[in-house]
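Student: Going line by line, the protein sequences match chains A and B. The numbering of the first sequence is my numbering, which starts it at 521 and goes up by one. The numbering of the second sequence is my numbering, which starts it at 521 and goes up by one.
The hints are simulated quantities; they were obtained by calculation from the structure and are not laboratory data. The beta-carbon is built from N, C-alpha and C at its ideal position, and this holds for glycine as well. Misleading hints may appear alongside valid ones.
[Said to hold, decoys possible] Partial list, computed: chain A residues near chain B (C-beta under 8 Å):
{"#": "1", "residue": "I703"}
{"#": "2", "residue": "A717"}
{"#": "3", "residue": "Y724"}
Number of protein chains: 2
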Amino acid sequence: MNLKNNERIDDLGINDLKIIQNTEYFCFGTDSVLLSNFITSNSSKNIILDLCSGGGVIPIIISAKYKYSKIFAVELQDEMFDLLVRNVELNNLKDKISILQGNIIDFNSIRQNIIKETGSGNVNIITINPPYKPKGNGIGNEHNVKYIARHEEMCNLEDIFLTSSKLLEYKGKLYLVHKPERIVDLLAIARKYDLEAKRIRYVYPRVDTKPSIVLIEYIKGGGNETLMLPPLIEYNEDGSYTDEIYKIYGMEKKNEE
Amino acid sequence: MNLKNNERIDDLGINDLKIIQNTEYFCFGTDSVLLSNFITSNSSKNIILDLCSGGGVIPIIISAKYKYSKIFAVELQDEMFDLLVRNVELNNLKDKISILQGNIIDFNSIRQNIIKETGSGNVNIITINPPYKPKGNGIGNEHNVKYIARHEEMCNLEDIFLTSSKLLEYKGKLYLVHKPERIVDLLAIARKYDLEAKRIRYVYPRVDTKPSIVLIEYIKGGGNETLMLPPLIEYNEDGSYTDEIYKIYGMEKKNEE
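Same shape as in the complex, but just chain A (with noise of 0.2 Å):
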């Protein structure tokens, strides 16, 4: 496969997957790693569907994991767009992700080009790794594919809430990852949504920092109870990665006696 410029090809570490990434743009990082880990399932046959997918790093990752579900990828940007169709190209997943070019807003062009090709218009998971920063903030002319993909421009929380509920059937789950700073707007904006906050999970670089992410799995119609789970820690104090980081990653822990 020929590259563009300012293109590379990363290995995910999973199952020999590839990603081409555009060094110019935004590339994937532990949050969108984390997130797929975060996902849970009784069922490895589920419509997902992605939002805001950039260049396609969750859904490939997820369709190692869920070798029989139907995988939806949308994204806006064109060059985005672009290594979305090649990413999934790239690692013959074109059976299994379905991938679709528009604004996350347009919920029912959505739901009909899921119902066209599963027959359901019913999706059991959507998955989102966000812009994070508000609309406006930060350096705006900055090459402004970069800037779209990182900034809330065509894609705030109530546009994702909004999306998510109408698509998800009852009891389905959203995962999100986002920055802790925003977690009154994540929870009680969902809840305007029907989408409640069941299992979270903070990230802490170092456990004498603040956390740097959070993770959120929220179902629709859920109860007003949440599991708080354990800190997801990133580094021991020596710099190397904890246990469970080498895990998640498929790493092997090097064992230096």
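Starting from the known structure of chain A, fit chain B onto it as the hints suggest.
Tutor: Chain B in isolation, oriented as in the chain A frame:
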């Protein structure tokens, strides 16, 4: 001072403060001490209100830190109110701590009492360690005083946030400790009453356990970004207290080389 049946005097470990507790009722725990320690204020001169005071552990602890503040303590139940009265006397704090018997939903009556004593109805800080268990849950035929002190029978989250919002000045602070399982209610219901969670800290018994309690600072009229603090871990792997817990409790750490 004469003690009644089932009563004992505990040392608070701060400035020689002591507290009478009745082992048949609700006794204070780590949560009250951690909440008292969680308060921040640039002024030592505040009007502070503690709701659901029980035996008064929170107002008694904070009286030592905020020496020039006027503190009000509200308790509903006769048996706990009796303990509160005697605890304030025991520590010679009658000048600093005014005690009121009543239900927290009677915010007008609380306000009138505060105005009568201070000339101002503007409360700067409210603290509360409320009953954690939802109404109707658990064994209801326990000793009634203990049941009410532990369940949301007379003091639910709607009442807490309504009264706090009515009594706090603009930008005044509410400090609350609760179960992490209730986090969505704790953030979403508060927002309805213009109380925005601005600082949150989870307390984990150990680094690999779920959090046992959450400490929240709300600001009336605060904006929608929250400072998430590092985890507060209580115990090391070997079962000893962590350095931070030693510091909060003002204990000497035993150095065993």
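Student: Now look at each hint and say whether the structure bears it out.
Tutor: Hint check:
no.: 1; hint: I703; result: holds (5 Å)
no.: 2; hint: A717; result: holds (5 Å)
no.: 3; hint: Y724; result: holds (6 Å)
In this structure, every one of the numbered hints holds.
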